[in-house]
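Chemist: The primary structure of each chain is shown beneath.
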Amino acid sequence: MTADLLARSGPLQSWTDRFAALPDTVQVVATPHVAMADLRVDPAGPAAADVAGFLGVDLPTAPSTYVETDSVRVIWLGPDEWLVTSPFRAPRALEAGLRDAVAGRGAVVDVSGQRTTLGLAGANARDVLSGGCAIDLHPAVFRRGAAAQTLLGLTGVVLVALDDTATSYEILVRSSFAPYLASWLLDAATEHTPT
Amino acid sequence: MTTVDRAVPPGADLPEHADFLWRNPEPKRSYDVVIVGAGGHGLATAHYLAKNHGIRDVAVLERSWLGGGNMCRNTTIIRSNYLWDESSAIYEHSLKLWETLEEDLGYPILFSQRGVLNLAHSLQDVRDSVRRVEANKLNGIDAEWLTPDEVKKVCPIVNTSQELRYPVLGATYQPRAGIARHDYVAWGFARRADEAGIDIIQDCAVTGFRTAGDRITGVRTTRGDIAAGKVVLCAAGTTTVLTDMLGLRIPVQSHPLQALVSELLEPVHPTVVMSNHVHVYVSQAHKGELVMGAGVDPYNGYGQRGAFHVIERQMAAAVELFPVFARAHLLRSWAGVVDVCPDASPVVGKTPYEGLYLNCGWGTGGFKATPGLGWSLAHMIANDEPHPCIAPFGLDRFVTGALIDEHGAAGVAH
Amino acid sequence: MQLITCPYCGPREEAEFHYGGQAHVPHPADPGSLSDEEWAHHLFFRDNPRGPFAERWVHALGCRRWFNAVRDTVSYRFHHIYRLDQARPETP
Amino acid sequence: MNALRLPAGGRIDRSTTYEFTFNGQRLTGHPGDTLASALLAHGIHRTGTSIKLGRPRGIAAAWAEDPNGLIQIEEPFPEPMLLATTVELTDGLTARGIPGQGRLADVPDSARYDARHSHADLLVIGAGPTGLCAALTAARAGARVVLVDEQSEAGGYLLGSTDRIDGGPALDWVAAATAELAGFADVLHLQRTTAFGHFDDGFVLALERRTDHLGTPTHVLGGETAPPHKSRQRVWRIRARHVLVAAGAHERPVVFSDNDRPGIMLAGGARTYLHRYGVLAGRDVVVFTTNDSAYAAAVDLADAGARVHAVVDARAATPAAWVQKCVRRGIPVRAGRLVTGTEGVERITAVAVAGERIPCDLLLVSGGWNPAVHLFSQAGGTLRYDGGLGAFVPGEERDGVSVAGGAAGVAELGGCLADGRRAAEGALGGLGFVPVDSPSPVAEAHVDGQPSLVLWRVADGDQRTQFVDLQRDATVADIACAIGAGMRTVEHVKRYTTIGTAHDQGKTSGVLASGIAAELLGRPVGELGTTTFRPPYTPVAFAALAGRDRGSLFDPERTTAVHAWHVARGAVWEDVGQWKRPRYYPLPGEDMEAAVLRECAAVRGGVGILDGSTLGKIDVQGPDAAEFLNRLYTNMIATLKVGSVRYGVMCGADGMVIDDGTVLRLAGDRFLVYTTTGGAAAVLEWMEEWLQTEWPDLRVYLTSVTEQWATFPVVGPRSRDVIGTVFPDVDVSNAAFPFMTWRDTVLGSNRSGHDASTPRSARGGRPAPDQDVPVRLARVSFSGELAYEVNVDSWYARAVWERLVAAGERHGITPYGTETMHVLRAEKAYPIVGQDTDGTVTPHDLGMSWAVSKKKPFFVGKRSFHRADNQRADRKQLVALLPVDRNLFLPEGSQVIEGPSVPEPPIPMLGHVTSSYRSAALERTFALALVKAGRTRIGETVHVPVAGALVPVEVAEPVVFDPEGARRDG
Ligand SMILES: Cc1cc2nc3c(=O)[nH]c(=O)nc-3n(C[C@H](O)[C@H](O)[C@H](O)COP(=O)(O)OP(=O)(O)OC[C@H]3O[C@@H](n4cnc5c(N)ncnc54)[C@H](O)[C@@H]3O)c2cc1C
Ligand SMILES: NC(=O)c1ccc[n+]([C@@H]2O[C@H](COP(=O)([O-])OP(=O)(O)OC[C@H]3O[C@@H](n4cnc5c(N)ncnc54)[C@H](O)[C@@H]3O)[C@@H](O)[C@H]2O)c1
Ligand SMILES: Cc1cc2nc3c(=O)[nH]c(=O)nc-3n(C[C@H](O)[C@H](O)[C@H](O)COP(=O)(O)O)c2cc1C
Ligand SMILES: [Zn+2]
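Chains as they are written, first to last, in the numbering used here: chain A, 1 to 195; chain B, 196 to 609; chain C, 610 to 701; chain D, 702 to 1671.
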């Protein structure tokens, strides 16, 4: 009974055409509906090991890094905090699985709707970011495996490097700020859009 | 272009200075009254001690050059449209003195009553503004609430488009408010004090106090000990450095507050515009430079400098509100050290030490108070009793909880 | 424009941090037992030294963790940055 | 036409001719010219008049140190006050000289401005020989290098010289060096980029001028034009591990009588015009110097065809080799002589040298060189007076900063090259790089010279025409006056004379003022020091600093998941913090008053729906969550049952209300806390602060879930029907679902929404199927009506909203905005923190003592309630005000006084109106107000001045509608 089923929507639903018109050197895509859970455990304690068992990967303990498996990415957010993301798992399943693993020795919160994900790729991707992000994005420093919570323009983001050549990133932004960030990115891309 | 007609082109109308301003005397070993700090407050207090109370055996001790603290750094906005009765009283007392100060000092201070607009950008701003205007009126202070169209009439270059990110929803307006030339004010007071025989001792830092029991008996300075019947602290941003020497705790924190100027421009800006919400305030000074400021830097700092991103943000606000400023140039930026109280109101009063008087916490807004404070402080020194205008500003308010919260009116520096 | 080294994330721009005032001012265990005067001091009175100052910061736009620092209020230089569970280092 | 343009030479493109207009005159020039060089090529020195005295003034140098040649650009876009010497000529440029004031455009500037962050191991400021050598050294060692230089091309001083390096023209070496730098991936070399501010920890801001020199499309005759997509100017925010200042030195004039006439110029400047622009700055030249460097100008200008009538050297001992060169060219050298005055009006016509009158049209002056220490000093570096140079030089080493070459006082080219390398190697060592071996460039050795004479001014003549700061018309007489008036410091002298406060910030006048003041005071210059160097080094346009944070990007607009629906429904917006919230939804022809009355009536009479998603939401979990919240809220949270909701108030430590909202207990160890829209971020930070800094022993975890949950209050007597329809699984009866409880339910979901076609992440694969969509319903009411708050995962927010609206259609469901919400809550006297409170209001003042626990031994703020001021009988309390005239509306913010007559000011005030509305339900106006001892005055009449009249109002119980709460359960 399709009529009874609810459709999903995302904050950047109406932006697809504008993103599509961007030059090849600055490609932006919205990737909504990635399941995300905020995880709090003691990285040295037994809960961390159980979580690792559930995720199939150890929690990264180096600041501003992430690790990933085929199905999840685990982003370091703080000394006892991670953001677990997965486009493949359902939010409630992800939350429940983590909650079971943590078993009261920390906390798990479904935050799938809290942030939305933007992909930014292309030869000018780094230039666009460095127009509003103060951290060092040199590919020798900020490369695949790196993820930072920082400021981009006037909004907080989690910035994820996907490759070693500074040409592919994901930007996780609070959903209410997503339209701002999208306009900010479009505006930044003007510089790379010869008329 | 909307230019403002002025009979005399700015630049040519700057006054000639007096040929003689002050002596540079050697400190005597003893004075009836020692004032610490030759900023506007210290100098004004000296002037009114002599003028109103005939007290002339006074030294004003300045660790650096007179008027070189916040006095030479402030954006010179003078107004009295504060919210609470206590504040209105002292600032209005001061504004009335400003209105005759040039004659009193016999010195050109370029006091220009060009009016001050405080813009409202949110519905709450509007409520707060109306509240302040209504309170001002009942306190006998000239205050008006203006619609965006009326704002545009007073200051045609303000962007009153309702398409702005934070559109101008109206403004409070105090026509008698304005600006003055900060340095000349300091020099005018200094000259009069000097004429009255008061010694202004520059390059003389107070490094300690002499006490006898609970009584203050003098100060230690980089130029030797000086005995004093009464000691008055007018050290603004550095007050706690002094009170620490006495183990006296006061609730002020010192923060950088920045300001900046543009090059000299043909007149475009006829009044003073302040905006708490988008954090900028601006006037066009007499020579034609735009003078601007924003909020304090958040951390404690005595460095007389702040962070530049504060200025960048302020420039964004300025260009939003005044699109014609786009290609004006930032010429110089600087900062002062302002002493901020938890309730954004000053601390003035007696202390546990007999003969020691405290005046601080004026934070981002004490220039406008200069004559009024000087008058009232001199009264307190002469009578050992607070003048009614400053009586509510004692330290005890922090104990009782009767704060005078002027964050609304003083939220942005001015 | 400081570059502040968050003890967790490393060096980041000042704009990512919020200031928290004087450090090592614990909330009184039993506020009810304080006189009005003592309570006023706790609420409103903080040190304001010219020179090294132990103060609190939070990495508000990063890891959201509070930490302490000893910073010179004249030069603005950070002498020490330390976690809340660490003791205040000796001042240089 | 270009009478003084030499037939050959210079770095201009003679194959293209630009037309430009200056002071109404149409003139020509070439690419590579500055406005100044093009004017000089036409023999035009004079630009404008001086600000105070109206004296003719002209071009006096070749770059940013020029204190004089101020112009206003009119076309292509008005820009106030620039130096002709730093404006690159473009076709169609229209400019005029100015009398000291610039003019702003009356139309907004549509150019783009942007910013870039950059990181470097070594930042080199200045691409003269010193900087280039340093940059090469660092780049070769593998360091990340940023090299910025303010001019259009690299080379610095060399661009205006005939110096030679490695046996060839120095500029060949410059070209090779820049080419080599361009080959390094990690070298960023920016010309036309001025480092204008140097801050802590290696932070430098630099302004890149990117398009002006390209001209505008309408005017171009050939070649490039500025591409419209490119930002006009860019602020580079550079964080460098080490900063090397290689900014060279500014030539210093000597002050003498009538030293301000057009045609008086710094000697090095004239040389630059000659070599760089192929322009002879004059035909009949006199050179006045205190040091060797100006001899080169005399010799080069003579070689280029000028008649050099004299080199007046203030020193008795002249440099033999240079004198010989002069003699060979027939240039007389007057040793130990001084220039004592000049003649001419529009242009200098003669120089007086100790009784002798030498006709000329150009007087070149050199009083030595001031190292450009601005950026070193801005970053806190202290300066030391060097008596040999007559200048201030860096006085100390600083961590992470060095100064080299001309900026450190090194004069010789060979010395500069070596110093650049030395400084770079020193920095690299500290950064862990190993310099590679490479040959050092060798400069042609200079002829032996004589030490410079430090001479600030020639005392003869009228001090009132001895100009120290030409832009400010400030003279030696002014300095003397200041000192006579009692001033003893350069800071006072600056403020009295205004020296150093103009556009050039005293690049040439600052040290002179110190020197002359010292002389007049009889004190050492070093003791007097300089005034403070402050950013920016050269002026920067406001718009460049604003960058892209303009228009809608000035501040982020936060929007909810249902924003597009509100837009489609024609919502009028209210800014609440950064959020955009619908204020009301006018129907065609409705104003706000009509719309709000309609919305209010609909809610009280049927059902309405509000987008409350902006409310802050914080997930609080952990074994100590209850204890934690107990300490932060004034009321008891620990006793809240799972499944229940409680309204809570939060106070600051001073006992004043800071936030309020509902608290849902989700589990024994888990709560969902709602905050106000505006307070969300601050409350989370407040909670973290207490948790981390005061109570680290509490096991509690805080997570913001503001955007995770969309929140839709469905409000009104028919809300039960709507909720019952949309959530058939929920028993919505009062008994099963009582007030102040919450229930979880689910709705079926579907992935066929818009995202099905959205590209997946690079890792491919299909997303897992969604499960049912959880929905949390809460029976809370901010209106007094029966109401259900629907909380749903924001992915499904839009769908659930639409479903609620569809289900409500039968009942006339009405979307309502913040204005209606405010009216409804005010009728029930629910306060809005920040509107009905102002930081001075306690829960007791709000009449909410019931929300303040008497049992809890501690909560934040409790202690403050016992202070004297909190005990006052006349504290302001929240009450309602009912205007006697039921139609009269009290503006919010109005003051309340006793009345009924108005005494003379100051008039005692009783309080003020915090909220004021027209009530559809009561068919009258009403207001909430904070009034002194308000609760004891209930029933009394007080007065409110409104628009000049005094309005009687009755003080009433705060709850004006349904005081018994009969409607809450429907
Ligand atoms: C950027 C900025 C903008 C401002 N804008 C405005 C405005 O628009 N309107 C307004 O009303 N106010 C404004 N203010 C605030 C105003 O400047 C101050 O409140 C006011 O100047 C303080 O009083 P003062 O003049 O006596 O202080 P200061 O001028 O700071 O005087 C204090 C003096 O004490 C001296 N001193 C300190 N310690 C010692 C010691 N141990 N021994 C001897 N001397 C000592 C200092 O050297 C200094 O000269 C602004 C302030 C700043 C920084
Ligand atoms: N110091 C002296 O006494 C003296 C006298 C005569 C000639 N010289 C000659 O001057 C040269 C000095 O070499 P150098 O490399 O040290 O200096 P330089 O003057 O050759 O180069 C400095 C460069 O830095 C640029 N610059 C200055 N401030 C800047 C800023 N804030 N941002 C960006 N760019 C900025 C200048 O425009 C210039 O291009 C040598 O050739 C030397 O022989 C020196
Ligand atoms: C109202 C006002 C106007 C000013 N106008 C100028 C100006 O036109 N040019 C200038 O260089 N500085 C101007 N200044 C700033 C001073 O030069 C100086 O920066 C300020 O007094 C702080 O001192 P400091 O920078 O020496 O620390 C002005 C300052 C004020 C308060
Ligand atoms: Zn951090």
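Source of the hints: derived by calculation from the structure; they are not laboratory data. Keep in mind it's a predicted model, so treat the numbers as computed, not measured. You may find that some hints are simply not true.
As the list claims (entries may be wrong) - The calculated lysine to aspartate or glutamate pairs, modelled on DMTMM-like cross-linking and capped at a C-alpha distance of 25 Å, are: (1) D:Lys1633 to D:Glu1655; (2) D:Lys1555 to C:Asp694; (3) D:Lys1281 to A:Asp187.
Claimed, not checked - What the simulated footprint calls covered on chain C by chain A, stretch by stretch (three residues with Cβ under 8 Å from a Cβ of chain A suffice, anywhere in the stretch; the number is not a length): (4) 622–634; (5) 665–679; (6) 682–688.
Glycine residues also receive a C-beta, built at the ideal position from the N, C-alpha and C atoms.
Chemist: All hints, please: hold or fail.
Modeler: Do the hints match the structure? See the list:
| no. | hint | verdict |
| --- | --- | --- |
| 1 | D:Lys1633 to D:Glu1655 | 14 Å, holds |
| 2 | D:Lys1555 to C:Asp694 | 34 Å, violated |
| 3 | D:Lys1281 to A:Asp187 | 21 Å, holds |
| 4 | 622–634 | holds (count 3) |
| 5 | 665–679 | holds (count 5) |
| 6 | 682–688 | violated (count 0) |
Hints 2, 6 from the list above are not met by this structure, while the remaining hints are.
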